[in-house]
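Those sequence lines, one after another, are chains A and B.
Using the working numbering, the letters of the first sequence correspond one by one to residues 1 to 182.
Using the working numbering, the letters of the second sequence correspond one by one to residues 1 to 182.
Hints in this document: simulated from the structure, not taken from any laboratory.
Predicted model only: the values in this text are computed from it and were never measured.
Accuracy of the hints is not assured; some may be wrong.
Repeated chains share a single entry, so a pair holds when one copy, or any two copies, can fit it.
[Claimed, not checked] No farther apart than 20 Å at their CA atoms in a straight line, the calculated lysine to aspartate or glutamate pairs in the EDC-like style are these:
| no. | residue 1 | residue 2 |
| --- | --- | --- |
| 1 | Lys2 | Glu27 |
| 2 | Lys2 | Asp140 |
| 3 | Lys19 | Glu29 |
| 4 | Lys19 | Asp140 |
| 5 | Lys107 | Glu29 |
| 6 | Lys107 | Asp158 |
| 7 | Lys19 | Glu101 |
| 8 | Lys2 | Glu84 |
| 9 | Lys107 | Asp81 |
| 10 | Lys107 | Asp129 |
| 11 | Lys107 | Glu161 |
| 12 | Lys2 | Asp55 |
| 13 | Lys2 | Glu141 |
| 14 | Lys19 | Glu141 |
Here's the letter readout for the chains.
Number of protein chains: 2
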Amino acid sequence: MKDEAGGSRLDGRRIYEGKVLSLDLEEVEEPGDVRATREVVRHSGSVAVLPVHEDGSLVLVRQYRWPARALVWELPAGRRDPGETPEEGARRELVEEVGLETGALEKIAEFWTTPGFCDEVMHLYRATDLRQGTARPEADERIEARRFSLAEALAAVDRGEIREGKTLVALLMEARRRRIDT
Amino acid sequence: MKDEAGGSRLDGRRIYEGKVLSLDLEEVEEPGDVRATREVVRHSGSVAVLPVHEDGSLVLVRQYRWPARALVWELPAGRRDPGETPEEGARRELVEEVGLETGALEKIAEFWTTPGFCDEVMHLYRATDLRQGTARPEADERIEARRFSLAEALAAVDRGEIREGKTLVALLMEARRRRIDT
Numbered sequence: 001m002k003d004e005a006g007g008s009r010l011d012g013r014r015i016y017e018g019k020v021l022s023l024d025l026e027e028v029e030e031p032g033d034v035r036a037t038r039e040v041v042r043h044s045g046s047v048a049v050l051p052v053h054e055d056g057s058l059v060l061v062r063q064y065r066w067p068a069r070a071l072v073w074e075l076p077a078g079r080r081d082p083g084e085t086p087e088e089g090a091r092r093e094l095v096e097e098v099g100l101e102t103g104a105l106e107k108i109a110e111f112w113t114t115p116g117f118c119d120e121v122m123h124l125y126r127a128t129d130l131r132q133g134t135a136r137p138e139a140d141e142r143i144e145a146r147r148f149s150l151a152e153a154l155a156a157v158d159r160g161e162i163r164e165g166k167t168l169v170a171l172l173m174e175a176r177r178r179r180i181d182t
Numbered sequence: 001m002k003d004e005a006g007g008s009r010l011d012g013r014r015i016y017e018g019k020v021l022s023l024d025l026e027e028v029e030e031p032g033d034v035r036a037t038r039e040v041v042r043h044s045g046s047v048a049v050l051p052v053h054e055d056g057s058l059v060l061v062r063q064y065r066w067p068a069r070a071l072v073w074e075l076p077a078g079r080r081d082p083g084e085t086p087e088e089g090a091r092r093e094l095v096e097e098v099g100l101e102t103g104a105l106e107k108i109a110e111f112w113t114t115p116g117f118c119d120e121v122m123h124l125y126r127a128t129d130l131r132q133g134t135a136r137p138e139a140d141e142r143i144e145a146r147r148f149s150l151a152e153a154l155a156a157v158d159r160g161e162i163r164e165g166k167t168l169v170a171l172l173m174e175a176r177r178r179r180i181d182t
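Isolated chain A, as found in the complex (with noise of 0.2 Å):
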C-alpha cells in the first residue's frame, strides 16, 4: 500500500519493542524509485506545554536527561499516553510536571522532532489562564521549576543554557508572537 507521497512498506521486522520506543528495520520504495532500508524508531508521540502566566512570565522546568548526561532546561513535556489526546496529555504534563491547571489551552505547532530517524511528532501548545496546584511527578522524575520573562528566556537561549529543540521553537513562537501582538 503506497502512502499518499508514493512511498510503500516492502518487508520489515521489529528489532526491538520496549517501553518507551520501539525500533523496525524496513525495506522501503519511496518516491522516485528510491528503494531503501531504513532504521525506523517508533515513538507514539509527544506533548510539550508553554505555560505563560498573566504578567508575561514562562515557566520551564529542568530536569536530568540521561541520553543527554546533563540537567536540560525544557517545556513541561512528556509522551501521549495510550488513548489519551493531545489536549489531555498536554494538561496531564502540566499538573504533574509544575502542579498548573489551564483554562486555555492553545495549539501553536505540531512538528517531527527528527523526521529522518524517527516518526514521533510533537504537540506543542500555549498555556494561559493559569492557576498554581500542586506539583506530582513521576517516580523517576525530579523536576525544578522556574518562571522566567520572555527576556531572561532569550538571554539564556543567546547564552546557550537553553538548547533543546521543542523549548527553543516555542520561546522563539512567543518572542514573534509578541512582537506582532503588541
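Please build the complex by placing chain B on the supplied structure of chain A, with the hints as guidance.
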C-alpha cells in the same frame, strides 16, 4: 563514573547497532537517587544549514522522509560523517543537497532534538556569501530545492506546511534576527 550532573551508568547492553543509529538499554542512577532503566537511541549528531542569499531569500529542500511517510520541507541537513567536524559536515551537506558553497558559515544554535530518549545533537548554521554549483545528492536521496522569502517561509509555518523541528528553530531565529538587526 558519574557525569558532571551526577548521573552514572550501572549496567547496560547494546540491543542493536546500525548504520544511522544504535539502541542501548541501560540501568542508570540519576541525580536525586533515581534508579531507572533507559532506552537510549545513539546517534552521531547532525548538521543543518539555513542558506541566506544576498536578497534575503532562504533555501529549503523538500524530500520524502520514510518515518514521517510524507514529503517534508526542511533545511539542507544530514548526519555528521565519522571524523568530520560539524562545520565540515555543514559545508558538505550544503554542496551535496543544494549545490551551494558558502564563504561565511556562522553557528547559530546547538541543541538536543529529543533528549528524553536520544543523544542526537543538532548543530545549526547560517550560511551567507553563497555561490551556486551543482548538487550531488546521495544515491537514496531525491531532493527538491526552493527559494523562499522569509515572509513566505513564515507564512508556510503558520499554515502548518513547514513542520520539522530544526527548520522551525532556524526560521524563527532568522525572524528574530531580522527584527533585531533591522
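These are the hints, each one checked on the structure:
no.	hint	result
1	Lys2 x Glu27	within (13 Å within a copy, 40 Å between copies)
2	Lys2 x Asp140	between (41 Å within a copy, 18 Å between copies)
3	Lys19 x Glu29	between (29 Å within a copy, 18 Å between copies)
4	Lys19 x Asp140	within (14 Å within a copy, 31 Å between copies)
5	Lys107 x Glu29	neither (34 Å within a copy, 35 Å between copies)
6	Lys107 x Asp158	between (25 Å within a copy, 12 Å between copies)
7	Lys19 x Glu101	neither (28 Å within a copy, 44 Å between copies)
8	Lys2 x Glu84	neither (28 Å within a copy, 37 Å between copies)
9	Lys107 x Asp81	within (18 Å within a copy, 37 Å between copies)
10	Lys107 x Asp129	within (15 Å within a copy, 37 Å between copies)
11	Lys107 x Glu161	between (26 Å within a copy, 15 Å between copies)
12	Lys2 x Asp55	neither (50 Å within a copy, 40 Å between copies)
13	Lys2 x Glu141	between (41 Å within a copy, 18 Å between copies)
14	Lys19 x Glu141	within (16 Å within a copy, 32 Å between copies)
In terms of the numbered hints stated before, the structure departs from hints 5, 7, 8 and 12, listed from lowest to highest.
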